[in-house]
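With these hints in hand, go ahead and build the complete structure from the sequences.
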Amino acid sequence: MTKKKGFLDLISENRFIHILLSILLGFVVGAIFLAVMGLSVGAAYGRLINSVTSLKGFSYVVVYAVPYIVAGLSVAFSFKTGVFNIGAEGQFVVGSMAAVVTSIFGASLPKPLLIPLCFLAAMAAGAIWGVIVGVLKTKWGINEVLSMIMFNWIAFYLSNFIAGIPAIKNEGTAEATKNIADNASLLFSKDFIKSTGLAPTANWGFIAAIVATVLIWFIIEKTTLGYELKAVGSNKFAAEYGGISVNRSILTALAISGALAGLAGALQVMGMGKRISIFTSQEGFGFAGIVVALIGCSNPFGVLAAGMFYGALMYGGSKLNLEGVPTQLINVIVGTVVFFIAISVIFANLKRLKGRAAVKKSDAKEEKK
Amino acid sequence: MTNFVNSLGIILFATLVYSTPLLYGALGSCFSEVSGVVNIGIEGMMTAGAFTGTVVAYFTGNPWIGFLCGGLAGAFFGMLHAVATVNLGADQTIAGTAINMLGPGIVIMLAKVLFNSTDTIPLSASQKMPKLFAGTFDTSTVFGRFMDNVFATYASTYLVFVAVLIVWFVFYKTRFGLRLRACGEHPQACETLGINVIAMRFACVCISGFLSGLGGACVTMALSTQFRPISIVGQGFIAIAAVIFGKFRPQGALLGCLLFGFCSGLKVVLGGSSGVNMHLISMIPYVVTVIVLVLFVGKSRVPAANGKPYIKAK
Amino acid sequence: MAKQYVDMNTPVIEMRNIVKRFGDFVANDGINLTVHKGEIHAILGENGAGKSTLMNQLYGLLKPTSGDILVNGKKIEMNNPRDAIDAGIGMVHQHFMLVQPFTVTENIVLGTEPQKGIKLDMATARKNVVEISERYGLSIDPDAKIEDISVGMQQRVEILKALYRGADILILDEPTSSLTPQEITELIAIMHNLVKDGKSIIIITHKLKEIKESADFCTIIRMGKYIDTVDVEKVDENDLASMMVGRKVTFKVDKPEQKPGDVVLDVKDLHCLDYRGIEIVKGLNLQVRRGEIVGIAGIDGNGQTELVEVITGLRKGTKGEVLVNGTDVFNKSPAFGFQHGVSSIPADRQKHGLVLDFSIEDNLILQNYEKQPFSKKSVLQREPIFAHASQSIEKYDIRPSGSEKRPAGTLSGGNQQKVIIAREVQNDKDLLIAVNPTRGLDVGAIEYVHKYIIDQRNKGKAVLLVSFELDEIMSLSDIIDVIFDGRIVASIPGAEANENELGLMMAGGGKKA
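First to last, the protein sequences are chains A, B and C.
Oh and the first sequence: position 58 is 78 in this note's numbering, straight run, nothing missing.
Oh and the second sequence: position 151 is 207 in this note's numbering, straight run, nothing missing.
Oh and the third sequence: position 509 is 569 in this note's numbering, straight run, nothing missing.
Do not rely on the hints blindly, as some may be mistaken.
Calculated pairs, SDA-like style, for lysine to any residue (alpha carbon to alpha carbon, straight line, at most 25 Å) [unchecked claim]: (1) LYS342/C x VAL368/C; (2) LYS319/C x SER126/C; (3) LYS376/C x ARG268/A; (4) LYS323/B x SER297/A; (5) LYS123/C x GLN244/B; (6) LYS376/C x SER254/A; (7) LYS303/B x LYS187/B; (8) LYS187/C x PHE232/B; (9) LYS159/A x VAL348/B; (10) LYS437/C x ASN267/A; (11) LYS205/C x LYS187/B; (12) LYS159/A x GLU339/C; (13) LYS323/B x TYR228/B; (14) LYS392/C x PHE299/A; (15) LYS267/C x LYS187/C; (16) LYS189/A x MET292/A; (17) LYS242/A x SER450/C; (18) LYS315/C x GLY504/C; (19) LYS411/C x GLU241/A; (20) LYS269/C x SER450/C; (21) LYS285/C x GLN64/C; (22) LYS379/C x GLU339/C; (23) LYS159/A x ASN391/C; (24) LYS187/B x LYS323/B; (25) LYS159/A x ASN362/B; (26) LYS355/B x MET68/C; (27) LYS267/C x TYR286/C; (28) LYS159/A x LEU351/B; (29) LYS159/A x LYS303/B; (30) LYS198/A x PHE299/A; (31) LYS97/C x MET68/C; (32) LYS368/B x ASN107/C; (33) LYS376/C x ASN163/A; (34) LYS411/C x ARG459/C; (35) LYS256/A x ASP417/C; (36) LYS355/B x GLN160/C.
To be clear about the criterion: a stretch of chain A counts as covered by chain B if any three or more of its residues have a C-beta under 8 Å from a C-beta of chain B, and this derived list gives those stretches [to be verified]: (37) 161–169; (38) 296–307; (39) 310–324.
Just so you know, these hints were derived from the structure itself, not from any lab.
Cβ atoms here follow ideal geometry from the backbone N, Cα and C, with glycine treated the same way.
Following this line, the structure appears as structure tokens:
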């Protein structure tokens, strides 16, 4: 076997390599766009890299990444269990609102009580939002994608409505809720931030993100619950034949997925967000969760890495206008990455295109169909 | 009574105008889904159409050329989706997600570069879609004003109703339509009868992009008078919802879009006059859709081969 | 038949030295085939021998790696089915290629639709379809939707599709797999009509009796290789069988005499609806006792599928009782039925039997993942799960060995079935339901499956066997219950059953009960 062939084998078979290649191609396509528009590739990518590699920059990246990671876990979990949670957006929104409302009414509670309470409220809100869709599906057979799209918008306007209620509204401005209570804030202490030079919004949210990652991995890979949900996800007929209740599994999966999206909302608002503004358009955390889950191959640890990557791009992207480069460059890059992940079968076929190695028998079976 | 007729006129006007872009998107979605390809990228294709239509109208001064180019821009992204899903057998949801990022990403970036860092592109009255029957009705009478409200509307709205008829005819009365529906139900059967499934689906996904692009263009060229990054906020997804609602038939999608447009129209009228909270009123279309689904529509029969890549044996 | 219509001087199809490779797997290895005008030519081989691959090349669905195809003496490059259709070849696939929500007419004309201007001309289409169906005596309802018509009629629609396109050479892939004996006789008559008319027919099958009854010549393929072409009149079924399998085969199943015990399954006055909401099981009564195999003989669509679904808890019935060891499992969950003694080998192993993405070890614990030792406090215990799989793979001869962690989807059909049998037999329940347990398996695997079903009976379990293969029902069952129109219309001791009589009852004639 020649060395080159070994390399191609690696490219063909390794999913991780496919993702890395997709990311590489994303940046290549981004560079082409920049060049065509007469913008400096070096300046743009230089700024991108510089802004995330300093200690402060990196702490920003982590802050940005936390909600993406947890939203990504929400979508990844749903993928594993055979549902496409396009409703993470709405669950995120009701979760963050639940956290804010809880913190406002529970402002006098001590920190160790209030923070878990806010988390719980957010997770419950997200779970309910998910379960409603699940009930519509299991009870009336209503397509979940359709109702999730509706409930994303219902959440959006509900949040705007609640943000305008006198008890919640910030008296100074009309456009947002009150700030979350100090005792519900996840921020590091001011002194600590000052002494370390971290980002002013640096907070404890990353601990929750890591715990959630490990927990979801454990549920999916190690527990009977994960076994059930995966069985329903990959073949609901066989699962039902084997005695697993499909409807209950769908509801459970949507509840957990919704709770994660709700938690993501809480982490966002209790970390760097502080308050919820009246939206003019959807915030997109849930949709970002879809992207993060796809880049992370729906594997919890993959999602952790993909969330960091996405957070870095989003934070770095926000600095791009300093170079006169539109921040939308990031969407072009990420969109390209996802596009190549979708067609990553072409990487697997590189080998065949070269016409060297023999095709595996399993492929032959595919073709026989 | 006069007030009521006026309000009704305004509601109907708003119904038509709000339904129009949804309807283009929904017809697009029908083509793709019925041929067997899930297309959640309608939103991205609409954004591309909205931008391109506006820019071309801005520079040429001709709304019709702009409108057409909007469609072509959508078709370009449709083609990307087709290459990925039809030719390369990609996961259709993932590819659609990519289109939803790429479409807006590319056009807003272009907007900023073309218009010196501002991403809002305004259109003058002559660059906008023309209104048909403007001034035809005598607005001094109640009835005339009603007729003016409802019928003196944008050419793109008239066009979309013609388009619904054409799509219905194509789907159910032509050879192309019969084959298209067969491809979404049983691609292998089509292949054994010498129908080129790959080519059929490729064409349908491109048509899907074209119609979505037109839909995007009428948001910025009729409904409003400018392109902004948030011109297309969810219309593409609502269009998909309307198609599922309409059980994957163009005539069903028409009902879904009209229902949605009507609720939006109601929102416009109520929002102005009543004391009810704006945000709660804005929720109406979505809540009504869910309720109608539960009460009247229920399960939607998805085309049998929808979402399954068709890989031709060699 | 006596080759009365065969014109030995006019070869219509010649396939010369056909080789087809998929990667390093050789599906066809130098196969020759000659078919003459007016000839019925059978292609015999086990599942996976390469019969369908060969025919898919003749029909343009696959391209040969090497070799020539001649139609009417002319070499033809088959790039797609269009080329085959233009050359006068039509194919009826084993899994019908019919668009379910379309009408019969729409299905027949699809791809060559008559038009009036830009509009489809369905009136002409319908007229043409009626005409051609009358000419060949293939009765159909041109306006019915495929999803509403019987399997027999669907097959006639498939044949009409080919004839409508002017096919002179018809390929029939396993055409009898879901027909009753009477329908098979009818099909053979149709085939004879067609060759009388100058058509040629290639029939792919692994049923020896049908070859004897219908074909003039037979080409045998084994493991992708050409074995021989024989004159059917000059060989008997045993010759054909040993050429197909490559060794002597015995069709007899050994089954010791045994007295049945208590009633295990007792179905009383069962009613249920099909997926369209129409009543399909209409007051069915059925009993299965310990130590006996009760076979349900019937044509697909008479309620047997739904009957099994109700017993296993997958479908809700509208009325009735399903007692398993005295406990009513009617309208309970599949898990409840399982707890009370129901295990089953489902009809569609890839849809209901296995989670193809799951590893073999995970598939083997499908009903038991919540039990000790496979899980403790809701956490899966990998070691006992693996040990269980290793032991099952060895005991049930699941191949390849050492495949505990491999996804079930990577196994061959026969080995997938072994995984299901290993699981269901080890569940050790009082009732075993087996639905078409040998569909699509080769001879060796069929023998294996039959052995385990009979083992269960000998161990005193109650076995309910549902199969569309009448031979299978007749060779295994102690009691044969005939199902027709949602009811059991006759119950006959297996030893006394006679194929023609059964066939008649399956079609609703000669009622006994």
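Against the structure, the hints:
1. Restraint check for LYS342/C and VAL368/C: the C-alpha separation of about 14 Å stays at or below 25 Å, so the hint holds.
2. Under the criterion of a C-alpha separation no larger than 25 Å, the hint pairing LYS319/C with SER126/C is inconsistent with the structure, at around 59 Å.
3. Restraint check for LYS376/C and ARG268/A: satisfied, since their Cα atoms lie roughly 17 Å apart, inside the 25 Å limit.
4. For the suggested pair LYS323/B and SER297/A, the alpha carbons sit about 22 Å apart, so the restraint of at most 25 Å is met.
5. With a CA separation close to 16 Å, the supplied pair LYS123/C and GLN244/B stays within the 25 Å bound.
6. Between LYS376/C and SER254/A, the direct Cα distance comes to roughly 24 Å. Compliance with the 25 Å bound is thereby established for this hinted pair.
7. With a CA separation close to 32 Å, the supplied pair LYS303/B and LYS187/B exceeds the 25 Å bound.
8. Distance check on the hinted pair: LYS187/C and PHE232/B sit about 21 Å apart at the alpha-carbon level, within 25 Å; holds.
9. A distance of roughly 15 Å separates the Cα atoms of LYS159/A and VAL348/B; the hinted pair therefore holds under the 25 Å criterion.
10. A hinted pair counts as satisfied when its Cα atoms are at most 25 Å apart, and LYS437/C with ASN267/A qualifies at roughly 23 Å.
11. Note on LYS205/C and LYS187/B: the hinted pairing is violated, with a Cα-Cα distance of about 46 Å set against a maximum of 25 Å.
12. Restraint check for LYS159/A and GLU339/C: satisfied, since their Cα atoms lie roughly 22 Å apart, inside the 25 Å limit.
13. For a cut-off of 25 Å, the pair hint linking LYS323/B to TYR228/B is broken: about 35 Å separates their Cα positions.
14. Taken as a hint, the LYS392/C and PHE299/A pair is broken in the structure, with Cα atoms around 48 Å apart against an allowance of 25 Å.
15. Restraint check for LYS267/C and LYS187/C: the C-alpha separation of about 37 Å exceeds 25 Å, so the hint is violated.
16. A C-alpha spacing of about 19 Å is found between LYS189/A and MET292/A, which places the hinted pair at or below 25 Å, so the restraint holds.
17. For the hint pairing LYS242/A with SER450/C, the CA-to-CA distance comes to about 20 Å; that is within 25 Å, so the pair holds.
18. Between the alpha carbons of LYS315/C and GLY504/C the distance comes to roughly 18 Å, so the proposed pair stays at or under 25 Å and holds.
19. For a cut-off of 25 Å, the pair hint linking LYS411/C to GLU241/A stands: about 23 Å separates their Cα positions.
20. For the hint pairing LYS269/C with SER450/C, the CA-to-CA distance comes to about 41 Å; that exceeds 25 Å, so the pair is violated.
21. Proximity of LYS285/C to GLN64/C is assessed by CA-CA distance (about 30 Å); at most 25 Å being required, the pair is judged violated.
22. At roughly 11 Å between alpha-carbon atoms, LYS379/C and GLU339/C fall within 25 Å of each other, so this suggested pair holds.
23. Annotation: proposed proximity of LYS159/A to ASN391/C holds, straight-line Cα distance about 17 Å (limit 25 Å).
24. Between LYS187/B and LYS323/B, the direct Cα distance comes to roughly 23 Å. Compliance with the 25 Å bound is thereby established for this hinted pair.
25. Distance check on the hinted pair: LYS159/A and ASN362/B sit about 23 Å apart at the alpha-carbon level, within 25 Å; holds.
26. Simply put, LYS355/B and MET68/C have alpha-carbon atoms about 58 Å apart, too far for the 25 Å limit, and the pair is violated.
27. A distance of roughly 18 Å separates the Cα atoms of LYS267/C and TYR286/C; the hinted pair therefore holds under the 25 Å criterion.
28. Distance check on the hinted pair: LYS159/A and LEU351/B sit about 12 Å apart at the alpha-carbon level, within 25 Å; holds.
29. Between LYS159/A and LYS303/B, the direct Cα distance comes to roughly 18 Å. Compliance with the 25 Å bound is thereby established for this hinted pair.
30. Taken as a hint, the LYS198/A and PHE299/A pair is honoured in the structure, with Cα atoms around 15 Å apart against an allowance of 25 Å.
31. A distance of roughly 7 Å separates the Cα atoms of LYS97/C and MET68/C; the hinted pair therefore holds under the 25 Å criterion.
32. Using a Cα cut-off of 25 Å, the hinted pair LYS368/B and ASN107/C holds, with the two alpha carbons roughly 22 Å apart.
33. With a C-alpha separation of about 22 Å, the suggested pair LYS376/C and ASN163/A falls inside the 25 Å cut-off, and the hint holds.
34. This hinted pair checks out: LYS411/C and ARG459/C have alpha carbons roughly 21 Å apart, not beyond 25 Å.
35. For the proposed pair LYS256/A and ASP417/C, the alpha carbon gap of about 12 Å is at most 25 Å, so the pair holds.
36. At roughly 18 Å between alpha-carbon atoms, LYS355/B and GLN160/C fall within 25 Å of each other, so this suggested pair holds.
37. Chain B is given as covering the stretch 161–169 of chain A, and this holds because 7 residues of the stretch bring a CB closer than 8 Å to a CB of that chain, at least three being needed.
38. Counting residues of the stretch 296–307 of chain A whose C-beta lies closer than 8 Å to any C-beta of chain B gives 4; at least three are required, and the coverage claim holds.
39. Counting residues of the stretch 310–324 of chain A whose C-beta lies closer than 8 Å to any C-beta of chain B gives 3; at least three are required, and the coverage claim holds.
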